[in-house]
Amino acid sequence: MQVSITVNGEQRTDEVEPRLLLAHYLREVRGLRATNIGCDSTSCGACTVIVDGLSVKSCTVLAAQADGSQVTTLEGLAGPDGELHPVQAAFRAEHGLQCGFCTPGMVMAAIGVLADNPDPTDREVREGLEGNLCRCTGYHNIVRAVLTAAQAGPAAGQVPQAQEVEA
Amino acid sequence: MIPTAFDYVKAHSVDEALAALAEHGEDAKLLGGGHSLLPIMKLRLAIPTVLIDIAAIPELSYIRVEGDEVTIGSATRLYQLERDEVVRTEVPLLSHVAGRVGDPQVRHRATLGGTIAHSDPASDVPTGLLALGGTVVVQGPGGRRDIPVTACWTGFFETDIAADEMVVEVRVPRTGSAGWGYEKFTRRENDWAIVAAAAVDGRVALANMAGTVVRAAATEEALARGASIAEAAALADQGTSPSSDMHADADYRRHLARLLTRRALETAAASS
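These protein sequence lines are chains A and B, in that order. Sequential numbering from 2 applies to the first sequence in this note's numbering. Sequential numbering from -16 applies to the second sequence in this note's numbering.
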């Protein structure tokens, strides 16, 4: 079947099998490898991307279900001049990563958290990231990074493409 | 993990979905958010040859107040139930249980109809609905049919919904400011319930204490007789048949059912 999906602002039409998962579509068809596949069972959140303004786990979404959608991956966050998205900058400033495997999913999920709640408490950040696991257990710095990103204002809860993250 | 191959049909209306169901019969599965179906397909525990995607049918996504009830389209996503001001005000227990499912990413995809049709006995939303009462509306070739929530879930992953029918709507009584409680015991925040108890208006429903979500009938009868919360909650596991697994054995589940029922009833009493 054909799917037409806009990823990081670039629309393309591809011939795919109906059973192709969005995570595999992004990595293998579009060549965007920032999106990691960790547990492959909707638990760890490493594959989190933004679809039509909502954070989702792309290992549990078919490319077919995303037909006609706007998708943002980690690669779509930085500006054309390489300027980091506020959440990326905060993860760097607060050292919100150890091995880095969970980081792309954490960053995308964090944007979703801040879109929903621009000024969260420590607890609200932890609850908002309940679907993302860090096997290094580096949660303290991750939470600190999200709280720091919130100080950047509304841009921390938005993606650069022509869409607004609403949750 | 990759599911076995299947054909994908996107339905744009209930009529289209029902026509596809009639054409493909038992080989077809309806796809809502896919957050129960796709995982079991990846494990090859389900191998449908046709998926009929009903999540984007516009006529199935709405939340309305109608008389004494709130009516909700089956394609409504759980995060919408969680946040919708009408649901939060008129049926706060339903908003709460929707918000206890999985994590934000899961709730962004999962649908009300999907969680009902999947009939997992550990599921939050069916537990809340069973305590609230109300009606699941299904539609098939013969038209629409009402299923009381008390008759909807018939067994482990089994429902009263026929193979050629689909869930189109849920009607829930408005409980407004009536007190309610929901207690869910899990190992990790985003897990399925090991046991959960929902209480509202003198009714109590339990998750994971049998092959389906069940009402704590002995507790409800005791409350109706005027028993204290402690006395009534001590009967919560009567008539249930919990299983044993790596998370809890049956006796521990019975203990949890009694304890969580007491807490849910106390919360309900304190908030009414």
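Check the hints yourself; a few may be wrong.
Unchecked claim - Under 8 Å between C-beta atoms, here's a sample of chain A residues computed to sit facing chain B:
{"id": "1", "residue": "GLU16"}
{"id": "2", "residue": "ARG20"}
{"id": "3", "residue": "ALA35"}
{"id": "4", "residue": "GLY39"}
{"id": "5", "residue": "ASP41"}
{"id": "6", "residue": "GLY46"}
{"id": "7", "residue": "THR49"}
{"id": "8", "residue": "LEU55"}
{"id": "9", "residue": "VAL57"}
{"id": "10", "residue": "VAL62"}
{"id": "11", "residue": "LEU63"}
{"id": "12", "residue": "GLN66"}
{"id": "13", "residue": "ALA110"}
{"id": "14", "residue": "GLY129"}
Unchecked claim - Have a look at the derived ranges for each label pair, beta carbon to beta carbon:
{"id": "15", "chain 1": "A", "residue 1": "ARG13", "chain 2": "B", "residue 2": "ALA39", "range": "14 to 24 Å"}
{"id": "16", "chain 1": "A", "residue 1": "ARG13", "chain 2": "B", "residue 2": "SER227", "range": "26 to 36 Å"}
{"id": "17", "chain 1": "A", "residue 1": "ASP82", "chain 2": "B", "residue 2": "ALA39", "range": "32 to 42 Å"}
{"id": "18", "chain 1": "A", "residue 1": "PRO155", "chain 2": "B", "residue 2": "VAL48", "range": "45 to 55 Å"}
{"id": "19", "chain 1": "A", "residue 1": "ASP53", "chain 2": "B", "residue 2": "THR133", "range": "29 to 39 Å"}
Keep in mind that the hints were calculated from the coordinates and are not lab data. Backbone N, C-alpha and C fix where the C-beta goes; we use that ideal spot for every residue, glycine too.
For each hint, the structure was consulted:
no. : hint                           : in the structure
1   : GLU16                          : violated (13 Å)
2   : ARG20                          : holds (5 Å)
3   : ALA35                          : violated (17 Å)
4   : GLY39                          : violated (12 Å)
5   : ASP41                          : holds (5 Å)
6   : GLY46                          : holds (7 Å)
7   : THR49                          : holds (6 Å)
8   : LEU55                          : holds (4 Å)
9   : VAL57                          : holds (5 Å)
10  : VAL62                          : holds (7 Å)
11  : LEU63                          : holds (7 Å)
12  : GLN66                          : holds (6 Å)
13  : ALA110                         : holds (7 Å)
14  : GLY129                         : holds (6 Å)
15  : A/ARG13 - B/ALA39: 14 to 24 Å  : holds (21 Å)
16  : A/ARG13 - B/SER227: 26 to 36 Å : violated (51 Å)
17  : A/ASP82 - B/ALA39: 32 to 42 Å  : holds (37 Å)
18  : A/PRO155 - B/VAL48: 45 to 55 Å : violated (32 Å)
19  : A/ASP53 - B/THR133: 29 to 39 Å : holds (36 Å)
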